[in-house]
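**Student:** Below are the chains, spelled out letter by letter.
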Amino acid sequence: MKMKRLITVAAMASVVLVGACTKSCRGKKDEGSGAAGGAKKVFRYVRTSEERSLDPQKQFDEASADIVTNVYDTLLNYSYLKRPYQLENGLLETMPEKSADGLSYTFKLRKGVKFVDDACFPEGKGREMNIDDVIYSLKRFADANVNVLSYVLMEGSIEGMEAFREETKKAGKATDYSKLNISGLTKVDDYTMIVKLTKVNPLALYPFAMSQTSIVPREAVEKYGAEFERHPVGSGPFSVKENPRRGEMVLVRNPYYWEKYPSEGEESDRANGLLDAAGKQLPFVDEVRLPLIEETQPAILSFEKGQVDVVAIDKDNFGKFLKNEGGKIQLNPDWANKVNFYTMPGLSSEYLKFNMKDSVVGGYTPQKKALRQAFAYAMNTAGYIDLLLNGRAQQLNTIVPHPINGSESTNPTQYFEYNVQKAKEKLAEAGYPDGKDLPEIQVEYRSTAATVRQQWEYVRDNLAKAGIKATANFQTFSAWLQKTEKGNFQISGAGWQADYPDPENFYQLLYGKNTPPGPNDGSYDNAEYNKLYEEIRYMENGPDRYAKFARMNEIIKEDSPVVIQYNQMRVGLVTPWVRNLKRNAMYNPPLKYVDIDLERQAKGM
Amino acid sequence: MLSYLVRRLLQMIPIVFGVALLVFILFNTVGEDPVRVALGTHATPASIAELRAKWGLDQPYHIQFFNFLVQIVTFDYGESYITGAPLSEMFLDGVLVSLSLTAPPYFTAVILYVSLALLIAYYRGNWFDRISRVTFVAMMSITYLVYIIFFQWLLAAQLDLFPIRGFARGLDGVEYLMLPWVIILFESIGHDIRMYRTIFLDEIKADYVRTARAKGATEMSVLFRHVLKNAMIPILTYTVIGIPYLILGAFLMERFFSIPGVGDLMINAINTGDFPVMKGLTVTIAIGYSVFNLLTDILYAYVDPRVKLG
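Just so you know, the sequences run in chain order Z and B.
Under the numbering used here, the residue at position 597 of the first sequence is numbered 597, and the numbers go up by one with no gaps.
Under the numbering used here, the residue at position 237 of the second sequence is numbered 237, and the numbers go up by one with no gaps.
Looking at chain B on its own, in the form it has when it is part of the complex:
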């Protein structure tokens, strides 16, 4: 187990290095030049040179990239070019906000939609399954933006059930987050239930299910004791791998509801060429993805005794 962990952790190094290299190349080839964005049309050669020197962009590329690697190792990405604020402070602040937006509906969706998908799988082929399939495919076809615009207009502006927008820290923030949560749940319902249903149907057709039924097991017992347990591997994969992305927030949601999370921070960083923010977030997500991938593999072993780590 320990040697497996060490091996997997070592495998993360080339992944993070590759991500860092890719981000660095993209920033220096297709991204906005932060110096020119900051100085605008008033730039003079002297002011351009001064600002490049201040941000370390006058260094040769290999030195800049080396400094970037040092930042990754030390987890210190410096300060935002644009606001001058320390990245650690911006991230911590933004990540907690983003998590408060994304985590509750994410985990609610897992519990709710797995149960609902199991129910639909139980009624497979009948009218309930058919209607739900059509409904969910239709819901999947509607873009996220339409859900946001429609629900904000209907539930907040017309019915006055929620605030139109806003954010507050702590429990006061719940009233502002309710509508975004509802929208996230609505937006993900089609895709999630369709996927869980497919997973369950694959299991339901398996030989061990037929054997269980032949042995006289009740349908509830078949579904919850056998099917659900065996379907946990793909469900776990889907769920755990999605966790690192929660810290990225939901960019559109954050913009439309004035929620000061990380998603909007990232988009603004891309638009203004704020490289410290971009690289900090990208590498953090890459590391998070790798760690949660590892976590998923470890969980497999606990969920399914057939899986052996090593």
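So here's chain Z without its partners, still in its complex pose:
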């Protein structure tokens, strides 16, 4: 017995000893002074995946864009506080001025915007940005040797860009921008440029707010070469101080930054203190620390210790901190006075899509429409959101997510309500009373994750209650893409993340000319819908456009090429000393706007 006790005691003692030693060795990390001479303000934000590239023109993933948008600037950007999201003039003096024929826009660059200090500039001092930098950056965006991922965002939009890209393909690494020009980009003076479009297209401005068109200085690209991807030099609110591979990235404030905190927002923003800093110089924090934490537990434990300021909450941890009462998310009493939380409706739609060419679920006869409508009636989306997503989603009546101008908030529409009886009636109308003679339907999923399998079980149960037998096929993302694009499916889980906050980006998913390899891989094709889409495509938002949306929604409901479900909502916790944080789906994370209340921070949670 003595021996066992001795071993146990020795083991525990060594663990405690080692721990105590490391604890005593741990020092305070955020010492130093801030810009105003006071204590340094440090904001800690969790990165959940590694960036692929910090070169604006080479990156095309969310993790990279999160950093690029905080290190570089774009010509246009999105309102921080105002909703629905709207374009603002970013690096420009004013919004681009449209010519009388609608084909050209004049871009006037803000004066006095400077790149951060860096060894690539003479004497290491950041210089002023000019229109040559803008044209250079857009050439990089169009250069086939630089950008192989995101060119599609501007493809066919600007005059001469296609021809320029073809030339870069031919020239390869010998491409010389001084000898190659994009005819649709004309320099007027050091701060002015005219952009000529290939056709009248109000949507053509959106790509100028995307991180892939951020403005980069030629000197940095030339000095750092391949290393430019890990050594960004921008004019954004922060610059990268430390960027260890797969480690904690550190950003420091750019002392030259030009932007002030916005003075306009939604009505509730003033009451929430989000306009208290109106007109003040950005950014507020001296340093941003961005640890890479890929798993949920360490992120949440770090948050509870006050070691990170924001943490996303997933399904499994939702109940510990939050509750969903009648669709309203609130903090649990244990946490209500300790932390704050946020909700952010995403700019995405989740839905099930039918292969309209499938012999069973496809087709346009009244029976086929009735069969698809039976699926729509059978889906208990509200229950799905409540049970599987803890209320972290908004049910949709149209394919356009709620936060977008032109969604159901401006254009009321009623989609099918969950009704098993009606589902059975529609099934009978389709020629399958109680599901008799209806073959087993296969549903494709683009993931093999356990959460997706759980979601499928709920869908399967919904369908079974209506008399529809179905089975699921779980696969990798690329396998799913290949299968759906080839039209080799019956029904598939699907979702779309907005490229820009305009309903057109979602209605195009059902446009007849966008069949594979376009995004309409269910091959839906309705002449009236197509005509309406072509009309709304380049229209400004307003009553006329909304009326056309209403008709398109009716057609979608009648034909049911998709079963519309929900748009996801992000939910997370925030330490009580963080100020000015309003989650923004078009600018994430909004590092330059957040502030730290040092007095509150000193008190801890």
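Derived by calculation from the structure, the hints in this document are not laboratory data.
Note that the coordinates shown come from a computational prediction; the quantities given were computed from them, not determined experimentally.
Accuracy of the hints is not assured; some may be wrong.
[Said to hold, decoys possible] With beta-carbon atoms standing in for the labels, derived distance ranges:
hint : chain 1 : residue 1 : chain 2 : residue 2 : range
1    : B       : I25       : Z       : K357      : 28 to 34 Å
2    : B       : T237      : Z       : D386      : 53 to 59 Å
3    : Z       : K486      : B       : S3        : 53 to 59 Å
4    : B       : I25       : Z       : S178      : 44 to 50 Å
5    : Z       : P333      : B       : I241      : 52 to 58 Å
6    : Z       : K486      : B       : T237      : 49 to 55 Å
7    : B       : I131      : Z       : P333      : 42 to 48 Å
8    : Z       : N340      : B       : N271      : 28 to 34 Å
9    : B       : I25       : Z       : P333      : 52 to 58 Å
10   : B       : A301      : Z       : D316      : 50 to 56 Å
11   : Z       : A336      : B       : N271      : 35 to 41 Å
12   : Z       : N419      : B       : N271      : 51 to 57 Å
Yeah, the Cβ is synthetic: ideal placement off N, Cα and C, and Gly gets one too.
Starting from the structure of chain Z, add chain B where the hints point.
**Tutor:** Below, chain B alone, put in the same frame as chain Z:
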């Protein structure tokens, strides 16, 4: 000896070739398509073709495989599809980190657990042996993930004995590695001690042990001079063969403690179809395994004079 070495090194060629072929087939049949993952839902036929050409995936399979073999011979696997970083740089950086995570507890475990197993073997059949057997079987039944989650919660978050997560280079990193080391030691204790105990018990029952005892050798002398020495062959096999895997790190540990090692690199590569990383790591492990296998055989000859190489 030299001819033995040459023969064994030549035998490695078909092994590495087989591994390369298997990895290549798996990547091209069941893995993610890196082009589609990178382009996502925005892919157009033109952009797919451009990216395939850039990564050399538009070449016929036999050319791609030949290029892969050239890379193996030259030890140059090019650049990651995903980050564009040179593989050699990524590996070197990641391998050193992974080794700092896995090597200290690995070798500590060998010394500690061999000693402990010898002690348990000495007390074979009595209460100490029985209790330890039950305890270690129970510990073996708990998954690695549970150890990580529990110890991170208890020792780091609740008792504040260790940092919850993090990593630093050099000696500063020790404080972050302490808890992962403790967990690795805990996780391996059941399996390792059970195995070493079995090895020792096999030896203890051998005739030469009985002879030694009959000649009046003390129990300590029997255990340390006779049993331990003769048990070295299986112990060596187990220990040395495990060394190449140390560079692969401990994937779960790296993810939960934000340690930038190779294990996590490999998992991310599989998820994103980053073939250069996958093939580089797989072939490196295959070569490492073969080399350490050879090393084990050579060590046998030094440990046990009955073993002759040739």
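**Student:** Report the numbers of all earlier hints that the structure fails to satisfy, in ascending order.
**Tutor:** 12
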